[in-house]
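Just need the whole structure built from these sequences, with the hints factored in.
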Amino acid sequence: MRPTPHRLPGRPAAATALAAAALLASACGSDSSASGSGTPVQGGTLTFAVGSDLGCIDPQQAGSNDTIYSLRQIVDSLTDQDPASGKIVPWLAQSWTISADAREFTFKLRPGVTFSDGSPLNAQAVKDNFDAIPKLGVRAVLGAGYLTGYAGTTVVDDLTAKVRFKQPNAQFLQATSTFSLAIESSASTKKTPEQKCSQGVSGSGPFTISSYTAGQSTALARRSGYNWGSSLWKKKGEAYLAKAVFKVVPEAGVRTGSLQSGQVDAIGAVGLADESALKGAGVRLQSRANPGVVFGISLNNSRPVFKDEKVRQALQTSIDRAQIASTIFPTGTKQATSVLAHTTPYYTDLGSALAYDKAKTAAALDAAGWKAGSDGIRQKDGTRLSFELGWFANAATNQPTLELIQQQLKAVGVEAKLKQYQIAQLTQVQQGGQFDALWGNITRADPDILRTSYSTKLANLYRIPVTDLDGLLDKQAATVDTAERAKLVTQAQQEIVQHAYVLPVVELQTELGVGKKVHDLAFEASSRIQLHDTWIG
Amino acid sequence: MRRYLIRRILQAAAVLWAAYTVSFLVLDLLPGDPVSAMAGAAQDQASFDPAQFARLKHEYGFDKPIPVQYADYLGRAVRGDFGDSVATGRPVTTVLTEALPPTLQLTAAALLLAVLAGGGLAVLATWTSARWLRQALLSLPPLGVSVPTFWVGLMLVELLSFRVHLFPAFGDDGPRGLVLPALTMAVMPGALIAQVLAKSLLGTLEEPYVQTARAKGAGRTRVHLRHALRNAALPALTILGVLTGMVLANSVVIETVFSRNGLGRVTAGAVGVQDIPVVQGVVMFAAVAVVTVNLAVDLLYPLLDPRIVMAGRTA
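Residue numbers (full-length UniProt numbering), protein chains in the order written: chain C, 1 to 537; chain A, 1 to 315.
Because the hints were derived from the structure by calculation, they are not lab data.
Just so you know, not all the hints are guaranteed correct.
Listed next, the stretches of chain A that the computed footprint assigns to chain C, with coverage defined by at least 3 CB atoms under 8 angstroms from CB atoms of chain C [said to hold, decoys possible]:
hint, segment
1, 50–57
2, 64–72
3, 80–90
4, 207–221
Under 8 angstroms between C-beta atoms, here's a sample of chain C residues computed to sit facing chain A [what the hints assert, rightly or not]:
hint, residue
5, Gly137
6, Val138
7, Ser198
8, Pro250
9, Glu251
10, Ala252
11, Gly253
12, Ser261
13, Gln428
Just so you know, even glycine gets a beta-carbon here, dropped at the ideal spot from N, CA and C.
As structure tokens, then:
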């Protein structure tokens, strides 16, 4: 971890804006899955190497990208989300209406859709899914969370389903576009969570699972007769690819080498270290920032040291986010410019509030009474400005990032003691509140993630004081009008960043390596992949 | 003989019980439990439901006191029932029986390679009269023992799969996919066999009976292979039990590097999500395998060396 030369003082804002603009341009360039030259070819097999398999082939219970890449292809959702605009568009539902209080969602289903077990898609199937998802257990927390306050589904007629909630739930529309609320056949919803995991489910997607070996591979076969694709897809009818095989290759170096030597067509989770080798082999690197809450340091706002807003605000400018993004994360990764990633709907650029300014931090800490002690760490009334920064080993970038942050904080006289936890401890640590600060992010393509993360009326994991932020968050959840909701979400982002409940650091960018002969491998709105339009030739 | 067998089987049972208990305690000392691991993997803790969490913990019995959990598990394990995987809900015995064939294939191929290459090296090094060749050959085993297995694997993949497209880098379809992982796995046991056998061959060649054979006019090669090797092979056979444990442990690394299915991958995955029933199943399988091989080796001794008599042994 060698520190790189710092930016010239005096012009940080301009430089940040410039860098942001450049990054945005490059991100947009790589968004449009590129090389669409030539005429698409029907047929062929795509071999995709992923790093892991958790042994469960139910899309509704999937949580890791590696599993979602394959399972997303076997199910359709009621709606789809345009990755460019964040707009919700028809898929299995042709149209929908939302009640003014955002409590009732009525979906008109597309006729003629069948699941792979032969049963038809109808309002009853939709009801069966939404009734069953909250009961799936701890593995399906994503879907269960989207359905919080679920009051039931009314089968209005064969192709009309009305989903009701006890409280306003504006995020639900976006949630219907996710794999977590994908629609499975009625028979599949009747199985136990374990059965769904091991035996699989029947979806209505453009592919079906033709074979699955736990920890080894998932093979997909094109569903013939498929004719109800998302309105976002370029190709109508069946997919181009005849087959797609997802091989589990746990070792990153082997994934990279296999793509370079043509043994696989595409790989997930490309790291910074692999980039140059892949580029040299003519591999296309495709990346998109994950929407949702960016990687950042979530402070425990009830801790004495963080109760003082001035300290939190001072720390907000102590982190050189650009250095972290460029030295540790894949090329093109954006530093955080809000608590939300720039690919999240209603994201607002608050980059100037998050600009790196050591002098400002030092002055603010001085003013708050924290003076440099003999060991270089600031002190106030005999208390050292020191906190424990907890992290989990769920991403390879976590440790180097935190070590760099630790150095940056030390430079302003703040001590961060890194503490690694096991994934199994996450629940206990967060719910129990026995932490000073935690490192993490959450992927979600709807700004309601701010409410679930920062409303004091819910879990309030970060022990945030009660303020008018709660009102803003509740209001956006009850607002159907997009312009109005955008305004509320913008205000909420400003509140969170200004009061520094969390120190946003860097966006999570999903980077894929895609071989030359693969075309139109597209990211969907949550930065996972959609294979319907993909072709090989 | 019968009393010896009974005593050995009782010893084996004690070893199995100890392995089971120690692994249970180690897993219990880890923070959290499989249900927490599942909940933690979802990350979005805001929509966490404590009631559901508690119910699931109860379902799997993780809310019971540790001694009760231990007794429950042990009671079922004795009857061959290791329960269901917490992560996937499948019976542990099914998980293991599915993972076993590819690992057996790999370990059998690797051990065969190790015996042939390691044994061959030892025989050649002790047979040759060229000093430089002997020294060159004898310097190989220490090298083989000291290079890390994952490094050997990655080097082989890089050279023979990525640069020269001879073998696939991953997967377990067909014998071509077996070559690189078996080679990698054979390095360490092969080196150990070579070390032990070469040392014991050099010792045996000094024995008076070898001199007698030579004096009787037996040829150099015949003395080496017929007279000396048979006696010198005993120590090498003894380490077979150790090697079995070693290759099973190495399968975790090798199956990960070569993306092969098998016990090693099952172990790595189960440890990662703290899938206690599966880990316990693997530990028991490995313990049974090592104990059985050791017993078989002990029973083989008198066949190879008539001087060893079972009933007279006190150990």
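How the hints compare with the structure:
no.: 1; hint: 50–57; result: holds (count 4)
no.: 2; hint: 64–72; result: violated (count 0)
no.: 3; hint: 80–90; result: holds (count 6)
no.: 4; hint: 207–221; result: violated (count 0)
no.: 5; hint: Gly137; result: holds, 6 angstroms
no.: 6; hint: Val138; result: holds, 4 angstroms
no.: 7; hint: Ser198; result: holds, 5 angstroms
no.: 8; hint: Pro250; result: holds, 5 angstroms
no.: 9; hint: Glu251; result: holds, 5 angstroms
no.: 10; hint: Ala252; result: violated, 11 angstroms
no.: 11; hint: Gly253; result: holds, 6 angstroms
no.: 12; hint: Ser261; result: holds, 5 angstroms
no.: 13; hint: Gln428; result: holds, 6 angstroms
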